[in-house]
Amino acid sequence: MELTGAEITIRCLQEEGVEYVFGYPGGAVLFIYDELFKQEQVKHVLVRHEQAAVHAADGYARSTDKVGVALVTSGPGVTNAVTGIATAYMDSIPMVVISGQVPTSYIGEDAFQEVDTVGITRPCVKHNFLVKDVRDIASTMKKAFYLAKSGRPGPVLVDIPKDVSQQKAEYSYPATVNIRSYNPQTHGDIGQIKRAAQLLLEAKRPMVYAGGGVVLSDASKQLTELVRLLGVPCTNTLMGLGGYPADDKQFVGMLGMHGTYEANLGMQNCDVLLAVGARFDDRVIGNVGHFNSVPRKIIHIDIDPASISKRVKVDVPIVGDVAHVLADLLSVLNSSKQKPDAAALKDWWKQIEEWRSANSLAYKNSSEVIKPQYVIEQLHRLTHGDAFVTSDVGQHQMWAAQYYKFNHPRRWINSGGLGTMGFGLPAAMGVQLAHPGATVACVTGEGSIQMNIQELSTCKQYQLPIKIIALNNRYLGMVRQWQEFFHGNRYSHSYMDALPDFVKLAEAYGHVGILVEKPSDVEGALKEAFARKDDLVFLDFRTDMTENVYPMVPGGKGLSEVILAEDL
Amino acid sequence: MRHIISLLMENEAGALSRVAGLFSARGYNIESLNVAPTEDPTMSRMTIVTSGSDEVIEQINKQLNKLVDVVSVMDLNDGDHIERELMLVKVHAMGEAREELKRIADIFRGRIIDVSDKTYTIELTGSGSKLDSFLQAIDHSLILETVRTGASGIGRGDRILKL
Numbered sequence: 001m002e003l004t005g006a007e008i009t010i011r012c013l014q015e016e017g018v019e020y021v022f023g024y025p026g027g028a029v030l031f032i033y034d035e036l037f038k039q040e041q042v043k044h045v046l047v048r049h050e051q052a053a054v055h056a057a058d059g060y061a062r063s064t065d066k067v068g069v070a071l072v073t074s075g076p077g078v079t080n081a082v083t084g085i086a087t088a089y090m091d092s093i094p095m096v097v098i099s100g101q102v103p104t105s106y107i108g109e110d111a112f113q114e115v116d117t118v119g120i121t122r123p124c125v126k127h128n129f130l131v132k133d134v135r136d137i138a139s140t141m142k143k144a145f146y147l148a149k150s151g152r153p154g155p156v157l158v159d160i161p162k163d164v165s166q167q168k169a170e171y172s173y174p175a176t177v178n179i180r181s182y183n184p185q186t187h188g189d190i191g192q193i194k195r196a197a198q199l200l201l202e203a204k205r206p207m208v209y210a211g212g213g214v215v216l217s218d219a220s221k222q223l224t225e226l227v228r229l230l231g232v233p234c235t236n237t238l239m240g241l242g243g244y245p246a247d248d249k250q251f252v253g254m255l256g257m258h259g260t261y262e263a264n265l266g267m268q269n270c271d272v273l274l275a276v277g278a279r280f281d282d283r284v285i286g287n288v289g290h291f292n293s294v295p296r297k298i299i300h301i302d303i304d305p306a307s308i309s310k311r312v313k314v315d316v317p318i319v320g321d322v323a324h325v326l327a328d329l330l331s332v333l334n335s336s337k338q339k340p341d342a343a344a345l346k347d348w349w350k351q352i353e354e355w356r357s358a359n360s361l362a363y364k365n366s367s368e369v370i371k372p373q374y375v376i377e378q379l380h381r382l383t384h385g386d387a388f389v390t391s392d393v394g395q396h397q398m399w400a401a402q403y404y405k406f407n408h409p410r411r412w413i414n415s416g417g418l419g420t421m422g423f424g425l426p427a428a429m430g431v432q433l434a435h436p437g438a439t440v441a442c443v444t445g446e447g448s449i450q451m452n453i454q455e456l457s458t459c460k461q462y463q464l465p466i467k468i469i470a471l472n473n474r475y476l477g478m479v480r481q482w483q484e485f486f487h488g489n490r491y492s493h494s495y496m497d498a499l500p501d502f503v504k505l506a507e508a509y510g511h512v513g514i515l516v517e518k519p520s521d522v523e524g525a526l527k528e529a530f531a532r533k534d535d536l537v538f539l540d541f542r543t544d545m546t547e548n549v550y551p552m553v554p555g556g557k558g559l560s561e562v563i564l565a566e567d568l
Numbered sequence: 001m002r003h004i005i006s007l008l009m010e011n012e013a014g015a016l017s018r019v020a021g022l023f024s025a026r027g028y029n030i031e032s033l034n035v036a037p038t039e040d041p042t043m044s045r046m047t048i049v050t051s052g053s054d055e056v057i058e059q060i061n062k063q064l065n066k067l068v069d070v071v072s073v074m075d076l077n078d079g080d081h082i083e084r085e086l087m088l089v090k091v092h093a094m095g096e097a098r099e100e101l102k103r104i105a106d107i108f109r110g111r112i113i114d115v116s117d118k119t120y121t122i123e124l125t126g127s128g129s130k131l132d133s134f135l136q137a138i139d140h141s142l143i144l145e146t147v148r149t150g151a152s153g154i155g156r157g158d159r160i161l162k163l
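From first to last, the protein sequence lines are chains A and B.
Be aware that the first sequence starts at 1, since it is given in the UniProt record's numbering, and climbs by one per residue.
Be aware that the second sequence starts at 1, since it is given in the UniProt record's numbering, and climbs by one per residue.
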């Protein structure tokens, strides 16, 4: 039977088991929207801005291990989506973005709402396609989902001109996909894995450094088993939080610019480092020269060969899917007669505990003014550490990462690579839709939340009972902190003047708003918010205006050149 | 160090811009780049001459391999290879220079492929340095126009770049 391009597009989404499409209609996608209207299997969520559509698809993907799907129109629909696409790209999130394009005969004529979508998005997608022939839609969609999910995941964009969505073709969805130029390696080289095992068994000061790859590969179980078997300290990157249980005594906290003292010093001083699904980001290891100044052997497991030896030269590269490689590494270790060096480990742990005793996340609570850390601690306690927590970008993000102890993967949803303000609320929408009964908290600031505040309207339409935890310090806090430390206290444009009344704003959108000004009211307000199971509650916490995030490794410095709260 | 990288890629619209975009986005050098379809019309072969430290060259190879349209990549410098470049030079050829240019072209095994009463167009093939030498050997003021393809390369013997 012949179907139109638009019908084929929707059929493909159905075939892929797509539950939600986040989107915004417009001229170039009218035929596709018409087909969405005629069916019920794929549900469409109408956002208020295309950036939010992509972030929502992103949140959905991060919290489920499924491919997120967004649908936008040509021109401004696409350009608005670019921030969302780049966010997903930097964090390797599986996603398919379908964009409308002007009719093929208009392409290149500067038509109304025309942009070179494939050109604009090329540097921030895993791959993209312009479908010029209706007969290619089904095979292209199949490839798009396969590319998005396999190997190192990422966003894939499919640009469909309006006339192509209108034309007809014979439809059948390909059962298999084969891209001759694309063959990601899933299993690691066993020889390399044996070398890695040997290094780990001989190590005196071993350390495991695990990133977002563990979460993406669903390898938490294997990682946890490995860390316990070896008896080594384990740190997570910002993207990896939840990949190893935070409550475990072998967990030394997050590392990096705002990582714990013990994680950063462990990282710097270990003699064998096992990097798992992590990429030695500048926010993680700081100054490369400083990091390399200490000799250590590095084993690096990553599905993307280009991530290996990119910033830091490694000794044992292992290309493969983290879950597979860790399973193989475990079986090699389990069948080995040699055991880890218990005496050396004892000394190493003694050193780690000494660093840990610096208690680098300690802060001075106050009965006068709300401390942001206290809010996160209470949030953690009252949600039993089991909520989905999305965040925006800035100080609140770091406090959420530091004080909400994630024991499970896919619970911590944040824009780590791109650092996109405005991510938190739309991402929370995707998370809430994926997990209807779950507790979803969006930790944000008064700056970030205003970057996609319009989504309060979407939340009303779809009755998403997200709890917005706004740490409102009337400053763009992270900017203010850097200005205090590195720019002579000149607070250039970091003060948030003329803020709206968030309570009234929430109410205007049909939600509940609560203003919290006293530390003694924090617990009660959170309890009230979480008791309102069916309502979105906007909690406006007026927090300490000048609180800083500690510890801090200043940009360009080494991991041991850390500023602790007590230093100031 | 200078490297000559050969790659096979899908002969699809936009494939070239993915490679060119990768080089500019990541700050890699391109000394020259050429591309044309192969005997298999679905595939193009590209030759890129670049330079960088060993680490940068390793990253270039990996990043190229990562592009979905790229089928296979070979750093020709990893083994024996042959490198050729084609140059067309239009020169002012009158009076005494006319004979002299013919002689020098012969020495370099160039061919005169177009003649007018005032000009010659000389075709020359060889390594980049041979083409440079030719340009140095002739009177610079006679050169009207030069066009070079950039290097193409191929592995020696059993070194074959294929799917």
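Worth double-checking, as some hints may not be accurate.
What the hints assert, rightly or not - With the Cβ distance kept under 10 Å, some of the chain B side facing chain A (calculated, not the full set):
# : residue
1 : Gln59
2 : Lys62
3 : Ser72
4 : Asp75
5 : Leu88
6 : Ile112
7 : Asp114
8 : Gly157
9 : Ile160
What the hints contain is simulated information worked out from the structure, not anything from laboratory work.
Since we're looking at a predicted model, the values are computed, not measured.
All residues carry an ideal CB built from backbone N, CA and C; glycine is no exception.
Now for the hints, and whether the structure bears them out:
1. Gln59: Constraint on Gln59(B) satisfied, holds at 6 Å.
2. Lys62: Result: holds, 4 Å to nearest chain A Cβ.
3. Ser72: holds (8 Å)
4. Asp75: violated (14 Å)
5. Leu88: Constraint on Leu88(B) not satisfied, violated at 31 Å.
6. Ile112: violated (41 Å)
7. Asp114: violated (35 Å)
8. Gly157: With a minimum Cβ separation of about 26 Å from chain A (threshold 10 Å), the hint on Gly157(B) is violated.
9. Ile160: Ile160(B) check fails; min Cβ-Cβ to chain A is 17 Å, beyond 10 Å.
Violation of the numbered hints given earlier is confined to hints 4, 5, 6, 7, 8, 9; the remaining hints are satisfied by the structure.
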